[in-house]
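There are 2 protein chains.
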Amino acid sequence: MMAFRHVAIIGLGLIGSSVARATRRALPEVRITGHDADAGVRETAARIGLADAICETAGEAVRGADLVMLCVPVGAMAAAAGGIADDLAADVVITDVGGSKESVLAALRGVLPDAVIVPGHPVAGTEYSGPEAGFATLFRGRWCILTPEEASDPAPVARLRAFWEALGANVEIMTPRHHDLVLAVTSHVPHLIAYSIVGTASDLEEVTQSEVIKFSAGGFRDFTRIAASDPTMWRDVFLNNREAVLEILQRLTEDVTMLQRAIRWGDGDTLFDLFTRTRAIRRSIIAQGQDDAAADFGRSHGETGNAASDSMLTR
Amino acid sequence: MMAFRHVAIIGLGLIGSSVARATRRALPEVRITGHDADAGVRETAARIGLADAICETAGEAVRGADLVMLCVPVGAMAAAAGGIADDLAADVVITDVGGSKESVLAALRGVLPDAVIVPGHPVAGTEYSGPEAGFATLFRGRWCILTPEEASDPAPVARLRAFWEALGANVEIMTPRHHDLVLAVTSHVPHLIAYSIVGTASDLEEVTQSEVIKFSAGGFRDFTRIAASDPTMWRDVFLNNREAVLEILQRLTEDVTMLQRAIRWGDGDTLFDLFTRTRAIRRSIIAQGQDDAAADFGRSHGETGNAASDSMLTR
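Protein chains in written order, with the numbering used here: chain G, 1 to 315; chain S, 1001 to 1315.
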């Protein structure tokens, strides 16, 4: 199977810059060109040597590329595709890394009706943004979901799968619709709730913001990590995966209401049963390598905290 | 000020065993006795040498102690106090580590009307339970809240403050009522939502549990850590801090409903404004040493993941 010779990355934030770094490390023979709409980001990317060339225009960046990866917020996909339409090589495969897939596929198809498009979504990230936040191992052991159209030629899908696997990811293929529902559960609604709870806490009159920060080790701080993620990216995800997010949110609201009722009526058994069931999920996530077993996320507790946490790894 | 000579720890789980370890390290001259209602826990505690003596009965453990710390779930406080009432020394200070304070104070007062009681709550923990999960540095840099009664003698409060400070904690004093509201925001409601969202995700028909686990790196896994916390302890917290939890939950529900509406109506500005505001809270938590700045909680991303994360520490 033909590998890609030249990858063009449009959008050089956390994900785009991680793709660049991972590609350089895993596939050093591949030419990497990049572009970002923000001049400051281009400057930083050039300074840190993120790609073989950081181009002033997206069109310039994609010229001659056989893989174009759009790493922009999902609300900017159509514009990004429009900016490269005239400069694409005949044999190019277009992909993206957007967090919603039905809307992105529709947006890209609208602008590039005849292109070979294989939408993708690497399920990985951190709470930091920008070209300096990326790192080569971000995708290692994580899953990348590809959502080709039903009538899609299998060859470009296979090439893109091989590319992501070279970067260390596991690849799964599903329909855009199923992707959007799965991600609503595993990512979008958790982010929305995290944003919401951090907002609620900072709006209280009786509890000061300083108290919320001081006593955040009681659990709150775990929510603040994902509530610090890139605002533009996440606004776009919610606006573009509306249906699935609203469906999952509705279910969650019902379940929270049930717990609220259990608390009000002193129904300890309902609480205990749920709290017992949820431990098993955590164990499976650790067993499958999707999280670390270190207690408290391996946070340092003074100078010997990590040593103490290390002893948890075996349980 | 007189330090404590002999600390009796009733309940040898994560917190009790961490108090034992921290005391032995910071105050090696203090005698430590311990008891747990569970024979298996007593056996483990004796085997790992958690205290100078692990006693068969709580009464035996508290005999001669000048500090008794009740480290049992808040629903078991009254029974624990009842089990030691006849064996307490005249000069003893009674404290606890429970996550709700109004109900615990009432429970302890009911059983020990004339004792010197200074309720406490170290805001620290991990998702692991049991005597082997504890470690000496758990409280270092974390806050411990003391909630003495208004008419309380200041001397025992000062001694208990000094004790917690010796264990590495910062101490804050507030009313039981205010504690319960602050913790409802910073700990109880976050835990309830985490439990709930993990439950909701595992109940879906269209998304399999295996998919939820696979793609948990999208954000979901951050919730599973605290949703793996001790079920008995947390059931009791919710049943005993009912009012404050229901109040905060009501506010959160309103705020989530507003976001739900913003998504339904495509109101990107409301989403963007909230998502921007919440980043500042995360920064403050890191600045005040209540969380680590390492990207993605410093999780390992392959062999160089931690090195990459380390570079985040300076931003």
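Calculated from the structure, these hints are not laboratory results. Careful: at least some of the hints might be erroneous.
[Unchecked claim] Which bits of chain S does chain G cover? Going by a derived footprint, with three or more residues having C-beta under 8 Å, they are:
1. 1058–1071
2. 1109–1118
3. 1122–1131
4. 1279–1290
[Said to hold, decoys possible] Derived contacts from chain S toward chain G, CB cut-off under 7 Å, selection only:
5. 1048
6. 1143
7. 1265
Quick caveat: nothing in here was measured; it's all calculated off a predicted structure. Beta carbons: idealized from backbone N, C-alpha and C, even for Gly.
Here is how each hint holds up against the structure:
Proximity of the region 1058–1071 of chain S to chain G, defined as three or more residues with a beta carbon under 8 Å from a beta carbon of that chain, is not established by the 0 residues found. A stretch counts as covered by a chain when three or more of its residues have a beta carbon under 8 Å from one of that chain; for the region 1109–1118 of chain S and chain G the count is 0, and the coverage is violated. As drawn, the region 1122–1131 of chain S meets chain G at 6 residues by the rule of a beta-carbon pair under 8 Å; at three or more, the given contact holds. Counting residues of the region 1279–1290 of chain S whose C-beta sits closer than 8 Å to any C-beta of chain G gives 8, which meets the bar of three, so the coverage hint holds.
Hint status for residue 1048/S: violated, given a least beta-carbon distance of 11 Å to chain G, over 7 Å. Satisfaction of the interface hint for residue 1143/S is found here, the shortest Cβ-Cβ separation to chain G being roughly 6 Å, below the 7 Å cut-off. At a threshold of 7 Å, the smallest CB-CB gap from residue 1265/S to chain G is about 10 Å, leaving the interface hint violated.
Hint violations for this structure: numbers 1, 2, 5, 7, all remaining hints satisfied.
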